[in-house]
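**Q** Here is what each chain is made of, one letter per residue.
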Amino acid sequence: MTERVRVTGPDRRSRPLARTHDIDEETSLGSVYVRSLMRAQLSLALGVVAVLAVTIGALPLLFHLVPEVGNAQVAGLPIAWLVLGVLVYPWLLLLGWAYVQRAERNEQHFTELLGPHESRPETAGPAGPAGPAGPTGSTGPTGP
Amino acid sequence: MSDLTALPGLIAVILVSLLTLLVGTWGMRVSRTTSDFLVASRTVRPTLNAFAVSGEYLSAASFLGIAGLLLAYGADMLWYPVGWTAGYLLLLVLVAAPLRRSGAYTLPDFAEARLESRTVRSICSVFVVAIGWLYLLPQFEGAGFTLATALGAPRWVGPVAVGLVVLIGVGGGGMRSITLVQAFQYWLKLTALLVPAAVLLVVWTRDETAGSLGAGDPSWSMPLVGSGGAGLYTTYSLILATFLGTMGLPHVVVRFYTNPDGGAARRTTLTVLALVGGFYLIPPVYAALGHAYGVGSGDSSTLMLDLPRLALDGLGGELLTGLITAGAFAAFLSTSSGLVIAVAGVLSQDVTSRRLPEIASFRVAAAIAVLIPMGASLALPNFGVAQSVGLAFAVAASTFCPLLLLGIWWRGLTPTGAIAGMLTGGAGSVVAVGWTLSHGALDGVTDGWADVLLGQPAAWSVPLAFATMILVSRATASSTPRHANRFLARLHAPESLDLERSGER
Chain A
1 MTERVRVTGP DRRSRPLART HDIDEETSLG SVYVRSLMRA QLSLALGVVA
51 VLAVTIGALP LLFHLVPEVG NAQVAGLPIA WLVLGVLVYP WLLLLGWAYV
101 QRAERNEQHF TELLGPHESR PETAGPAGPA GPAGPTGSTG PTGP
Chain B
1 MSDLTALPGL IAVILVSLLT LLVGTWGMRV SRTTSDFLVA SRTVRPTLNA
51 FAVSGEYLSA ASFLGIAGLL LAYGADMLWY PVGWTAGYLL LLVLVAAPLR
101 RSGAYTLPDF AEARLESRTV RSICSVFVVA IGWLYLLPQF EGAGFTLATA
151 LGAPRWVGPV AVGLVVLIGV GGGGMRSITL VQAFQYWLKL TALLVPAAVL
201 LVVWTRDETA GSLGAGDPSW SMPLVGSGGA GLYTTYSLIL ATFLGTMGLP
251 HVVVRFYTNP DGGAARRTTL TVLALVGGFY LIPPVYAALG HAYGVGSGDS
301 STLMLDLPRL ALDGLGGELL TGLITAGAFA AFLSTSSGLV IAVAGVLSQD
351 VTSRRLPEIA SFRVAAAIAV LIPMGASLAL PNFGVAQSVG LAFAVAASTF
401 CPLLLLGIWW RGLTPTGAIA GMLTGGAGSV VAVGWTLSHG ALDGVTDGWA
451 DVLLGQPAAW SVPLAFATMI LVSRATASST PRHANRFLAR LHAPESLDLE
501 RSGER
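For the protein sequence lines, the chains are A and B, in the order given.
So the first sequence is numbered by the numbering used here: it starts at 1 and just counts up by one.
So the second sequence is numbered by the numbering used here: it starts at 1 and just counts up by one.
Keep in mind that a hint or two might mislead.
Some but not every residue of chain A turned toward chain B, in silico, with C-beta under 10 Å [stated by the list, open to error]:
#	residue
1	S31
2	Y33
3	L42
4	L44
5	V54
6	L59
7	L61
8	F63
9	H64
10	P78
11	W81
12	V88
13	Y99
14	Q108
15	F110
16	T111
Rather than coming from a laboratory, the hints here were simulated on the basis of the structure.
All C-beta atoms in this analysis are idealised placements derived from N, C-alpha and C, irrespective of residue type, glycine included.
Based on the provided sequences and hints, a complete structural model is requested.
**A** This is how it looks when you write it as structure tokens:
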């Protein structure tokens, strides 16, 4: 029995490689892509750092300038102990969780941009196979 | 102290040591390559890896030191655990995934791959060893006073016991066996902290003779009371050192290379954030109980070991002290193991591998990594565990933090710039550390601004290192590494893109 070959359109396997090739070979197109990813990730990271600085970083100054705040009691505990001993930790975890969500989304956009759908590079839409290739022809973002 | 009362503690220490050694011996059978030894062949799942990172990270300073500091100096000291946790957030957002994707084993590997310079590599190696030893020293010191307090043993027993167990465990199995041991040690430490705290709280509520938990005592419970501008400077400097120093600690960084990919490195860090943060909720309870039972600030370093005996007579108190001793000993072992692996990894790659075969060179390097700080801890007078760990953070923040941040996010970093920045920041913080250690200013007694600035150098040494690195790189812009763009693309592009990843194994 001969092997069944499904013909779905032009061979796409060489083209997806071409896009990552842009990055491997540092073409101007490739470096534009990488720069945009780095800029997105860096501004995200600096955003988290800024939130951290404004919330937790401002506390010593606050306690220094307005000592009454630190010593005010909530449920029998001074606010300073409550904030620094307890509330800080879920807040850090929340910031970290939000960061991971957004960082992975940035990477996903980037992967889609360079992935096998090069006929429509502007579609930075939902994940998974899109466009005419459908479920049959696409090699998926992981490549061959 | 009679032998009988120390029995639970002694049994606990022996059990923890035996268990560590058993898993280490088992690991010896599966560890065959350098990759096994250094990064467990990059096969550690995020959850297990997060347990291991947390188990390794929560050192004697966290386990015993924080409660004592809180008791002695009040709420200001809460910034230590906050900084040690927030450091992981900064590691997560700025470093975690790119560092893993760099495909390097150690910090010097990263520096060499990024900057294509052997000189940068050598300087990084020196700082890895320096920070590692600065961090190992208090672990050995802590082991000495813990076994002295809990078991009545002479001071040299602790350092020697920890040194031997670490040496056998690390030399035997390397990173692969240590991963499991450290994951187990996280849970042991959490249990050893949580159970006695819960029991002692119940005991305290039924004990009419005990005092209040200290909430109404403003001089103790208030942050920054009466310490003025110097106190504010010290707090911000501490924040800078701990927030930025975590990413530069060699034993933390080496664990990131054991993740399978960049996404896993992020998930590991997020889990670590939860595990470490959860752990730090407990030490303030011990500080408050210590306040209630009237433990003086002079005894604060052994607060956690003394507290059960103060609150409970007889076997109950001894059992709880035994459990806390087990947790503390696990802390010494896990942190020391991680540090020894990091230091030995660098030593074996750069020094001993030139003369010896692979695994033999790692074992010789591990012996050097253990014996020197162990000898130093026996020779040097005692100093505060948590504060000297804090100084190790300051050195890491002044050297590796600028190297990592600029190396990962800025194309313009040059080898000359990196060297100048690390040497400036390193010299500044090391001189400050040396001056502080030799003047014994760690007890918090400071004379003037010079003491304050040198006692907590990060607030000036970190910006100085960054500024030097950037300015010198700009001045030597012609020597920007040829493959900087390509390397940065590897660091930031997700693994799902099938890029050529040279250096991957």
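**Q** Does each hint fit the structure? Answer for all of them.
**A** Hints, one by one, checked against the model:
Proximity of S31 (chain A) to chain B holds as hinted, the smallest CB-CB distance being about 6 Å (cut-off 10 Å). With a cut of 10 Å, the hint placing Y33 (chain A) at the interface with chain B holds, because the nearest CB-to-CB distance is about 9 Å. Annotation: interface hint on L42 (chain A) holds; nearest CB of chain B at approximately 6 Å, less than 10 Å. Interface restraint check: L44 (chain A) against chain B, minimum CB-CB distance 7 Å, threshold 10 Å, status holds.
Interface restraint check for V54 (chain A): the shortest CB-CB distance to chain B comes to about 13 Å, outside 10 Å, so the restraint is violated. About 8 Å separates the beta-carbon of L59 (chain A) from the nearest beta-carbon of chain B, less than 10 Å, and the hint is met. With its C-beta approaching chain B no nearer than about 7 Å, L61 (chain A) sits inside the 10 Å limit, and its interface hint holds. A least Cβ separation of about 5 Å between F63 (chain A) and chain B falls short of the 10 Å threshold, and the interface hint therefore holds.
Interface hint at H64 (chain A): satisfied, since its Cβ lies 5 Å from the closest Cβ of chain B, which is below the 10 Å cut-off. Below 10 Å, beta-carbon pairs count as interface contacts, and P78 (chain A) has one with chain B at about 5 Å; its hint therefore holds. A least Cβ separation of about 6 Å between W81 (chain A) and chain B falls short of the 10 Å threshold, and the interface hint therefore holds. The beta carbon of V88 (chain A) comes within 5 Å of a beta carbon in chain B, closer than 10 Å, and the hint placing it at the interface holds.
Taken as an interface hint, Y99 (chain A) checks out: its beta carbon lies about 5 Å from the nearest beta carbon of chain B, inside 10 Å. With a least beta-carbon distance of about 8 Å to chain B, the hint placing Q108 (chain A) at the interface is held under the 10 Å criterion. Annotation: F110 (chain A) was flagged as interfacial toward chain B, and the flag holds, the nearest CB pair being 7 Å apart, inside 10 Å. Hint on T111 (chain A) holds. Least Cβ distance to chain B is approximately 5 Å, under the 10 Å limit.
The earlier numbered hint that this structure contradicts is number 5, and it is the only one.
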